[in-house]
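What follows is each chain in one-letter form.
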Amino acid sequence: MTAHNLTPTQLFISFSKIGISGFGGVLPWARRTLVEQDKILTSEEFSAILGICQIVPGPNIVNLAVCIGSRFAGARGAAAAVLGLTLGPVAVVLLLAMLYQHYSYLETIKGLLRGISAVGVGLIASTGFKMLRDELRFPLMLVVVAITICAVTYFHLGLGWVVLAILPLSLYLARKKALVL
Amino acid sequence: MSMLLSVFLKLSAFSLLAFGGVNALLPELLNLAVYQEHWIDLQTFSDYFAIAQAAPGPNFMTVTLLGWHIYGVVGALLATLAIAWPSSILIFFLQRLILGIKNPITRKSIQYAAASLAIGFVLSSAWQIATQINHSAAAYALTLATIGFTLFTRWHPLYLIAIGGVLGVLGFV
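Chains as they are written, first to last, in the numbering used here: chain A, 1 to 181; chain B, 1001 to 1173.
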């Protein structure tokens, strides 16, 4: 761990920068700000923390703020980091919502948003495909991915049930993968 | 007021199911908000999704906008709080536990298992959202092109969003 001691205020400022600059995904900005600019964490520390945040459900980037904030300044640090991360973007998005309320009848705006949402879906899918690449190192794990997709899209099971039903198999195969790799 | 409470409780429950982040939850959110509770119509939901994608910040802003639609600024803040607090408290206590697992095999197993679920959820989500908000072949083509560009080039997502917006304004989508 680096020899920094950060106050909640400093955490608030760092995470404000991350939140407001995070166009098209916040995670790359989080790495850039925390590791390269502010030098709060080393690259390895960042990856280790991110790994944990992706295990636990919830908005990943908020989880990251909680982990890093609490590591440097306890519960107050966590709260400061999360508030820094969210306050600016929430204000911006509310401003956009008010504009939308006034101009959503315009054909131009309708078209604009149709185009953006089609791209937005593609961006979500690519996140999934990028994560899928890592699974190719141990293809048996793809079984879990395939069953999950079937359960959700074909059988329309609620996410909670899917998690409960698939977790045992998933943990079993994950253990095999961990032993092999 | 009771509606606000209902929004808060339902979104709080969603927070603990969001393996793979909030994007993995979007179809369930859409289903709840559009088809079950009728808080919002499909077109407005899609528009909010687009605004959230184009705006800076974490990708759960669709939830913030949904809250705004239901109950103004108070609704927006409550919805944001609801989607974040349960998972935040969970990770606050779990992180030391997970970092404390000394056996690397156990630690990796948990990580790999969670990742496989997350991938399944994210891909399912993309598929289900696409079938709801894409209304033309051109829209699907744009979605596929986006996937291609992000997987095989290093273009910043913002360029793709801008291109999508321009194509939409010109009436191609």
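These aren't lab readings, by the way, just hints derived from the structure by calculation. From a predicted model like this one, the values you see are computed outputs, not experimental measurements. One or more hints might be untrue.
Covered by chain B, per the in silico footprint, the following chain A stretches (three or more residues, Cβ under 8 Å) [unchecked claim]:
#1 30–44
#2 58–69
#3 94–106
In silico DSS-like pairs for lysine-lysine, Cα to Cα no more than 27 Å straight-line [as the list claims (entries may be wrong)]:
#4 LYS176/A x LYS1108/B
#5 LYS1102/B x LYS176/A
#6 LYS1010/B x LYS130/A
#7 LYS39/A x LYS17/A
#8 LYS110/A x LYS39/A
In this text, a Cβ means the ideal position worked out from N, Cα and C, and glycines have one as well.
Hint-by-hint comparison with the structure:
| no. | hint | in the structure |
| --- | --- | --- |
| 1 | 30–44 | violated (count 0) |
| 2 | 58–69 | holds (count 8) |
| 3 | 94–106 | holds (count 5) |
| 4 | LYS176/A x LYS1108/B | holds (10 Å) |
| 5 | LYS1102/B x LYS176/A | holds (18 Å) |
| 6 | LYS1010/B x LYS130/A | violated (30 Å) |
| 7 | LYS39/A x LYS17/A | holds (14 Å) |
| 8 | LYS110/A x LYS39/A | violated (43 Å) |
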